[in-house]
Amino acid sequence: MIPSYIYHYFIPDALRNRQLAIYDQLCTVVIAYVVATALLIILPSILLLFSPLAGYYYVLCGICIYTLFHIKITGRFMFPLVVTMLTGYAVIIRNCLQSGGILSIQTSTLYLLLLTGFWADRRVGKIMLFSNLVVLFILALNSLDHAVYLENAYVPQHIEVAFVYHISITIFFGVFFWMVYQQYDEAKLQIRQQQRKQIDSLNKAVEERTSQLLTMRQTLARDFHDETGNILSAITRQAGILRLKAGHDENLKPLIDNIMENSEHLYSASRDFLWSINHNSDDMEAVLAYLTAFGQHYYNQFDIAFSARIPAASRYVQQRIAPFLARHIIYIFKEAMTNAAKHSGASEIVFEVARFPHHFRVLLKDNGQWKIPDHSTPHSGLANMRKRSAENGLTFSIAYGKTGTQVQVEVPAGPGNSTNTSN
Amino acid sequence: MEKRITIIEDIAAIREGFSAVLSSVNKYQVVNRYATCEEALVNLDNDRPDIVLMDIELPGMSGIAGTAQIKRALPDCIVLIITVLEDSEKVFQSLCAGAGGYIVKNSNLESIVQTIDEAVAGGAPMSLSIARMVVQSFQLQPDSPLSERETEVLQSIAEGKSYSKIAADLYISRETVRSHIKNIYRKLEVSSKVDALKIASANNWMNKL
Numbered sequence: 007m008i009p010s011y012i013y014h015y016f017i018p019d020a021l022r023n024r025q026l027a028i029y030d031q032l033c034t035v036v037i038a039y040v041v042a043t044a045l046l047i048i049l050p051s052i053l054l055l056f057s058p059l060a061g062y063y064y065v066l067c068g069i070c071i072y073t074l075f076h077i078k079i080t081g082r083f084m085f086p087l088v089v090t091m092l093t094g095y096a097v098i099i100r101n102c103l104q105s106g107g108i109l110s111i112q113t114s115t116l117y118l119l120l121l122t123g124f125w126a127d128r129r130v131g132k133i134m135l136f137s138n139l140v141v142l143f144i145l146a147l148n149s150l151d152h153a154v155y156l157e158n159a160y161v162p163q164h165i166e167v168a169f170v171y172h173i174s175i176t177i178f179f180g181v182f183f184w185m186v187y188q189q190y191d192e193a194k195l196q197i198r199q200q201q202r203k204q205i206d207s208l209n210k211a212v213e214e215r216t217s218q219l220l221t222m223r224q225t226l227a228r229d230f231h232d233e234t235g236n237i238l239s240a241i242t243r244q245a246g247i248l249r250l251k252a253g254h255d256e257n258l259k260p261l262i263d264n265i266m267e268n269s270e271h272l273y274s275a276s277r278d279f280l281w282s283i284n285h286n287s288d289d290m291e292a293v294l295a296y297l298t299a300f301g302q303h304y305y306n307q308f309d310i311a312f313s314a315r316i317p318a319a320s321r322y323v324q325q326r327i328a329p330f331l332a333r334h335i336i337y338i339f340k341e342a343m344t345n346a347a348k349h350s351g352a353s354e355i356v357f358e359v360a361r362f363p364h365h366f367r368v369l370l371k372d373n374g375q376w377k378i379p380d381h382s383t384p385h386s387g388l389a390n391m392r393k394r395s396a397e398n399g400l401t402f403s404i405a406y407g408k409t410g411t412q413v414q415v416e417v418p419a420g421p422g423n424s425t426n427t428s429n
Numbered sequence: 714m715e716k717r718i719t720i721i722e723d724i725a726a727i728r729e730g731f732s733a734v735l736s737s738v739n740k741y742q743v744v745n746r747y748a749t750c751e752e753a754l755v756n757l758d759n760d761r762p763d764i765v766l767m768d769i770e771l772p773g774m775s776g777i778a779g780t781a782q783i784k785r786a787l788p789d790c791i792v793l794i795i796t797v798l799e800d801s802e803k804v805f806q807s808l809c810a811g812a813g814g815y816i817v818k819n820s821n822l823e824s825i826v827q828t829i830d831e832a833v834a835g836g837a838p839m840s841l842s843i844a845r846m847v848v849q850s851f852q853l854q855p856d857s858p859l860s861e862r863e864t865e866v867l868q869s870i871a872e873g874k875s876y877s878k879i880a881a882d883l884y885i886s887r888e889t890v891r892s893h894i895k896n897i898y899r900k901l902e903v904s905s906k907v908d909a910l911k912i913a914s915a916n917n918w919m920n921k922l
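As given, the protein sequences belong to chains A and B, one line each in that order.
Counted the way my numbering counts, the first sequence spans residues 7 to 429.
Counted the way my numbering counts, the second sequence spans residues 714 to 922.
Don't read these hints as lab results, they were simulated from the structure.
Hints may be right or wrong, so weigh each one.
[As the list claims (entries may be wrong)] Example chain B residues on the side facing chain A (calculated, C-beta under 8 Å, incomplete):
| # | residue |
| --- | --- |
| 1 | A726 |
| 2 | I727 |
| 3 | E729 |
| 4 | V797 |
| 5 | L798 |
| 6 | K818 |
| 7 | N819 |
| 8 | S840 |
| 9 | S842 |
| 10 | K874 |
| 11 | Y876 |
Glycine is no exception: its CB is placed at the ideal position from the N, C-alpha and C atoms.
Working from the sequences, and respecting the hints, build out all of it.
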């Protein structure tokens, strides 16, 4: 409504910053003064045709112009605001006493003054509430003393004088609040736009970071494939050559086998690690697929019938788990799968998953014989599985009987919405 | 009769490692080893390999293109991809190009020999993720070239069943399961070629060549 260069002209350069708390209030005050000045130039000019008293309002207009420049120079408004209000009271009291005291039409300009005071500064407004009452009291008293007021020169004997005054006051009222409110709304809109801009730029930054992360993951995966994986394979292969060359040297053989075993172990651990950085490891679906693939690949070496019973993902059941859990679930079930093949003599193994609203029950069932761990050799597999479960909020249990063994882990569903539809 | 093997792998340690362990097995004869497909293709007529172990990432021609070239020249030759990760998209592409299976580079001697034997006997292993890629690739075709049994076997692998489980479920032997897998690989290659031709003719590439 009011171009910003007009009100910015009256705000000192140093304070022309949206981030400052004072800026908003200065804008409000300056805009109010600009509008008031414009109205005080136009309206009294029309009124003067009917009532010479209107001329005093030019004094008020002058104070308004002074105030604008005071703010421009000092950046402060309280002193000229108080001066404006006091001048306003003086003009109104004087004009009212000249035109019928408490009966004068001009008493209604007191309300105008009160509202402009409130608009500029709430503290000033609160004080003016009382000063208005005092002024009304003074006017009433003076009206009682002068019973002959009706004979006063400027009493609006003519309907048209009263009419024009009322119209002017209404116009002042209406235009003033229209303008300043409009400006207020625009300011709010600007703030909201600025906030949206900030949110947009934040979103952009997050997106950029996410894509950087994705690129990093892909680079890591490629590096593993091109570098680490090949180097590990080279070690395994060279150890293979060494074993051939060592022939039947019983001193070297276990050492070489150990190198190969370690290389294989590191390869497998790197694969698990690579998998977890390359997938959304909070996605239970992906964890289960990874374990199923491992089981299938592993049991294909033996004559063991392996199958997975994984119910299809349901949108009503939470699919997410805490991201750090994936690694442990994979570790525990790889261990369980390996144990089942090595120790139980099972011919059939089933990997089974049941979904519940707030947890998953993951089972590995075999039809073999439970072999009591040999205490003469350190058998840490089972203890490790228990320890890992206990440390990470997983409920581990193992049941064995004549018909087979069952390893069970309950996995809590992760935080997030329970009606996830991304799968 | 000894099986003639050539190895194409640019990392010397891995190449020599495979060569040494395979030479130690009586039934294999490593006839030659190369760092690039180009060299191997030049000597293909002299080497006459029964089995080619092929790396994918090679300087110059990729292992995928190399596989296609070798299969064109020697259709009976079995190309086995040697790879760091068995479930990559590139392995799948090699299978489409005619590879008969894959060997994980880090495998121990026993499983390398086992995989080669299986491939020769008919039916190289197929992993769950490769099976899923194959399922998807056949789903895109209006008429699946797979028989009912082959489809069942493929579906079972994609569900994560082991060979023994599939054999038990379908009342067939593990060997039959493997031969079904071999046929799936072959049909994958054939249908990939058909697809490539279709795409080529649709884009009018044949006329430009």
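Structure-based check of each hint:
1. A726: holds (4 Å)
2. I727: Status holds, d = 5 Å.
3. E729: Since the shortest Cβ distance to chain A is 7 Å, the answer is holds.
4. V797: Cβ of B:V797 sits 3 Å from chain A, so the hint holds.
5. L798: Holds. Min distance 6 Å.
6. K818: OK, holds: B:K818 within 8 Å of chain A, min 4 Å.
7. N819: At about 5 Å, which falls below the 8 Å cut-off, the nearest Cβ of chain A leaves the hint on B:N819 intact, so it holds.
8. S840: Nearest chain A Cβ about 6 Å off; hint holds.
9. S842: holds (6 Å)
10. K874: Because about 5 Å separates B:K874 from the closest Cβ in chain A, which is inside the 8 Å limit, the hint holds.
11. Y876: holds (5 Å)
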